[in-house]
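When you line the sequence shown up against mature numbering (1 follows the signal peptide of the UniProt record, and there is no 0), it's residues -37 to -1, 1 to 514, in that order.
Derived from the structure by calculation, the hints contain no laboratory data.
It cannot be assumed that every hint is accurate.
[Unchecked claim] Restraint ranges, calculated between C-beta atoms of paired labels, are given here:
1) A194 - P161: 26 to 36 Å
2) N246 - H320: 26 to 36 Å
3) S171 - G373: 39 to 49 Å
4) A194 - S355: 32 to 42 Å
The beta carbon of each residue, even a glycine, is placed where N, CA and C say it ideally should be.
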Amino acid sequence: MKRTVIAALTALVVAASAVTGFGATLSAASASSAVSAATTSSAASEVSASALTAVSPVTGDPQQLAKVIVAAHNAGNFSTDPTSIYDREVAPVASGQVISGCAVDVRILQVIVLTLNRFGSLRVSDLERPCIGSSLNCGPPTYSVHCLNPGEAIDFANVGGVGLDGNNTQTRNLLSYLDFFVPPGTNAGQQECRSNNPLPLNNINQFSDTCNHQHLDFRNTNAPLSASALATILPSLSQASAYVTLLYNDYLNRVPSSDEVRGWAVQLANGSPRSSVSDGFVNSDEYRLIRITNAYRTVLGRSPDAPGEQNWLDGMHKGLLTTDDVDKSFYASDEYYAQHGGTDLGFVTSLYQTLLHRSAGSSEYAFWTNLVAQYGRTWVITQFWSSTETISERISLMYQKYLGRVPDPGGLQHWVGLALQIGDSGLRSALTSSDEYWAIAQAGAGSRASISPQAVAQTAPQLAPAPVAPTPIAPPPAAPTSTTPTPVTPTPVTPTPSPVTPSPLASPPTPKPTSTPSPTPSTATPPPAAPASVAPTPSVPPKSTPSAAPK
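Put together the whole structure using the sequences plus the hints.
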């Protein structure tokens, strides 16, 4: 049977607001427009006011859910195979559109968001087949639920970077997690894959299916997800606000406005993973400018000039360099070289003193001085910067800043191993999206001044944070000839790394290709733009009410 729109959007917003505590407001004009759009779109799925209330605090708005999924896709954390599933069934919804015959039940979108929130990444292999031109098993005798419109089924192929086979630990973790909040009558396949080790589930009925994925569907139930169960999974608005406030404190060194906090907190309360929020701070222009200014002061010992600062930021916008490249580029600059005697030996000596905090033997100085002459300052500074010794120090400083403690040996080893993959920005984001950092935020209500070690210990144990899927790090650009650079396309350099404490007989690295000199910076330096605020434009809390598919 088909379910239709049974309540005005304004009533739904009031119901959602009362349960979530979001205090949403909606103008009469926008409500009228939204109701009109919802009632005239045959493809958009809808649920009743009571159902929307029940799924709180997860939004019942498919567009908002799809936006979270699109953000995860853009960060490399969500994918589909084939890609047409994402292109036709998810991405258009984020823009407020639904391709005819491609609607997806709101509960499926909610399950995707909740799975991303819990496990960090997800690959889906099947949603609604006819939408992508497949009629596999759509007729007798199977009548696959994947052929319904709106789609009420999902096949999980990979969760948290682990492929699913119906019985492995990750599959069992996923099913146990879903069983906590899906309604009774939900179906899951792959029962025979678990025949030697049955998995008891309360709300999920199990049936046989092939052991190369994990299937879930809502064909036998119209009920929403459990509100009470979800309330224990997702943070409250006040908890999310404390976390966001601490991020502003730690990344931007300031107290945020209520609108800035609310913009991020609503996203968290609606199921966005903490890593997406911490990534937003790490990649904000405001934080980038802070890092650029700090690099000028700590490496060159002076304040930045406005054109130089803006040129570095422009390079980041163009994808020519990342925040993590700035310090290395400054160390390799002519200005830093001149400050340390203008000789290769003076340059190498300064790297030992500044980055390793020690002196070296004459053979070590000679070794690296020769490499500077042979391969350039940029290559040499990369070897120092990427050494275990310097990475360990940077991680220790991050632990002290964000977690208020020194790293345990296991945690330090874990992050050193990941550092070259995800970069310093990835490390910062991972630490500040960890359970331990969250506990610190709750203990101090967003302020470090009121945090006590006892309060943190009572909230959560000290845990090494779980790694997040890394954001791809662009290769560093060629070393600038000045600290007011025009970023250039990087020249690939693939020398064999040498240890920071080398043997005089160590093999030299493979010579790098001859690079083309950097172009002369344009004489027309653009005026510095006002730094973009890290806070997103606060969006109106969940309003629309998707409904489940015809049965």
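Violated hints - listed by number, lowest first: Violated hints: none at all, because every hint is consistent with the structure.
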